[in-house]
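Quick mapping for you: the protein sequence lines, in order, are chains A and B. Position one of the first sequence corresponds to residue 1 (our numbering), numbered consecutively onward. Position one of the second sequence corresponds to residue 1001 (our numbering), numbered consecutively onward.
Treat the hints with care, since some could be wrong.
Stated by the list, open to error - List time: in silico SDA-like cross-link candidates among lysine to any residue, alpha-carbon distance up to 20 Å:
#1 B/Lys1159 with A/Pro294
#2 B/Lys1159 with A/Thr344
#3 B/Lys1159 with A/Ala276
#4 B/Lys1159 with A/Pro144
#5 A/Lys200 with A/Lys286
#6 B/Lys1021 with B/Arg1045
#7 A/Lys286 with B/Arg1045
#8 B/Lys1132 with A/Lys200
#9 B/Lys1132 with A/Gln30
It should be emphasised that the hints constitute simulated quantities derived from the structure, not laboratory data.
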Amino acid sequence: MYQYNRDDQSLIDARVEQFRDQTQRYLAGQLSESEFLPLRLQNGLYIQRLAPMLRIAIPYGMLSSRQLRKLAHIMRYYDKGYGHISTRQNIQLNWSHLEEVPDILAELAEVQMHAIQTSGNCVRNITTDQFAGVARDEIVDPRPWCELVRQWSTFHPEFAFLPRKFKIAVSASKEDRTAVYLHDIGLLLRHNAAGEIGFKVLVGGGLGRTPVIGSVVREFLPYPHLLNYLDAILRVYNQFGRRDNRYKARIKILVRSMGTEKFTAAVEKEWQHINAPLVDEATVAKLQKHFPLPAYDRSLSDDLLNNDNTIAQDNSAFAQWMTHNVMPHRQAGYAIVNLSLKRTGMAPGDITDDQMDAIADLADEYSYGEARTTHEQNLVLADIRQSDLPALWKRLTQLHLATANIGTLHDIICCPGGDFCSLANAKSIPIAESIQRQIADMQKLYDLGDIDLNISGCMNACGHHHIGHIGILGVDKKGAEFYQVSLGGNAGFPPSVGTILGPSFAQERVPQVIESIVRLYVDQRQAGERFIETYRRIGIEPFRTHIYPQ
Amino acid sequence: MTQRIIKGRTLIPDEWRVVEKDSALIPAGERIILPLALWSTTKSREQYGVWLDSEQTADDLTATHSADLLNDIALIAINFPTHTDGRGFSTARLLRERHGYKGELRAIGAFLRDQLYYLERCGFDAFALTDKGTLEDALRYFSIFPTHYQNTADQPLFKRQGY
Ligand code: SF4
């Protein structure tokens, strides 16, 4: 993974001191609440219901064992012994004390970590494929490009006070695992007919109040122009994005009001002025060196994974885990192992300090000292020798991290919701748990196949409810917590935004409603059809009449 | 007492007065900064300074005053109605890097000392800073970061590092 050089380190060290100064001035009354607000947000610090929440960046989702141990220490020493993995390659701490945040940031800086631009109206941390470098369907390793964009976006002097937050994702594989179409800018790495590397550029996607699928502003941008083109897009947005109404301030609204064509023309015109390419082959080659492949044993073959059929027929817990949590790897003889943070009884995406320490040990022992976080709020050990899988499984089982439910209805994406978040209309964590308990039988669960179920506690959509095959949104109905269900959203290719099923439900009804929905799917599905495929074939009406009989 | 501003990272006395945006009257005297609309009605533009509000772009200025003549203007100021309104950062870069403006570029309004570093990187060289704290202490905020990644008028860090 990327190792900081002297300049990188000096910058994050300076950032810590800057924030220490700002915090002291705020506490001394020299910075008002509203003056301090954007400064703390740009260091990942929200004020939540009960305590400040600190959002820490995990660039490209990758964590070294040293970083894992540091996070465990921070969770133990400064917080309440656990953290929450977000959908965008962050980890969130829910119980930080403002006075201690500068110290936390200083501890993070010791291991090349930070909370820079993880919130606020600025360019947020760049996200990419959680399986970068190990996925079989990868076209190009996206991480060197992400690093280039990270540097460009970090403390960009012109774009630190945008109309609204700005999220960029880079997707570089045949399947999309980054929700690239739902970002302010989505970059699809690809080759053109001549075999040159470049980007399909999408702009104006996003979730929130008004979910929008991004528009293509350029089919192919040759890579030397990447940073200038980003500058051009951001400059148009910074000047002309709306600032009078925060609900209309995202770039998607600007793209929509100008129309994609006019918006594109404005970007291209701006870009013509600044299109001297900044990046060349030498730059790329040097950046690539920061993401070397681990020293794989290249004499191995896919023995264990090739026995797919025997494993699928075996009902043992190990076989179930192999089927659901272990994925094929680019390198023969290795496997990608998902560590489920969706065990019933734990808030989805939550992880304890002790688990974190233990994962650091496992990473050192089995996976070249690295682990990753995923968009689905799980963790991954990405480079496991297939012959180590049985031993690893035993260890993960002891840590309660081997629940064999990756990709299933239990693998719920869920925001912190009303238990923590001051913006929430409703709780989301108990909803996730009640659904897991409703469909508790694992055989039934497996029979449902892969279903994305996403839950947000309010319109801000941190739980990505719009793009869940099944989405649940917390709404406020005369002071009571209700839940609106939508169907047919999809984060990967082809992306789609869910359709609202109908009037919202009281909390106690939600699990039954979800069960009825998946029952109808089971009744209606054709052989081999996943939930989303059946939905696309039959549409929302059968579900409506099933759930709301006249 | 004369006001002071920061210019070229030092404190200097300053006698320029900013005329309100909706004012139709040009006050008598020297060292007056007029809002764009009023300024564009004057004959002897060069003797006045002009200020742009955050929704006014560099193009709005060059639409009324040829870019070739920008350097004849006594000074250009850009207003920050709030510290979270970042449009002025783009306006400054465009005036400097696109239109070649070399004269005084002054930040006015509600910006914070915490923003001096970014403002200077975007081309501002004068700052009528009004936030809490002393102007003397504000000077250290220019060098809060030891280096920077991006190019503005210079090269990006990866180039300077030989990438
Ligand atoms: S979706 Fe709403 S409730 Fe959930 S974390 Fe985001 S802001 Fe809070």
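Results for each hint:
About 28 Å separates the Cα atoms of B/Lys1159 and A/Pro294, which puts this hinted pair outside 20 Å; it is violated. Only pairs whose Cα atoms come within 20 Å are accepted, and B/Lys1159 paired with A/Thr344 is rejected, the gap being roughly 50 Å. About 14 Å separates the Cα atoms of B/Lys1159 and A/Ala276, which keeps this hinted pair within 20 Å; it holds. Distance check on the hinted pair: B/Lys1159 and A/Pro144 sit about 15 Å apart at the alpha-carbon level, within 20 Å; holds.
Proximity of A/Lys200 to A/Lys286 is assessed by CA-CA distance (about 23 Å); at most 20 Å being required, the pair is judged violated. Taking the CA atoms of B/Lys1021 and B/Arg1045, the gap is about 17 Å. The hint holds against a cut of 20 Å. For the given pair, A/Lys286 sits about 51 Å from B/Arg1045 by alpha-carbon distance, which is inconsistent with the 20 Å threshold. Pair hint B/Lys1132 plus A/Lys200 does not hold up; C-alpha atoms about 46 Å apart against a cutoff of 20 Å.
As the CA atoms of B/Lys1132 and A/Gln30 are separated by approximately 6 Å, the hinted pair is consistent with the 20 Å bound.
Going through the hint list in order, the structure does not satisfy hints 1, 2, 5, 7, 8.
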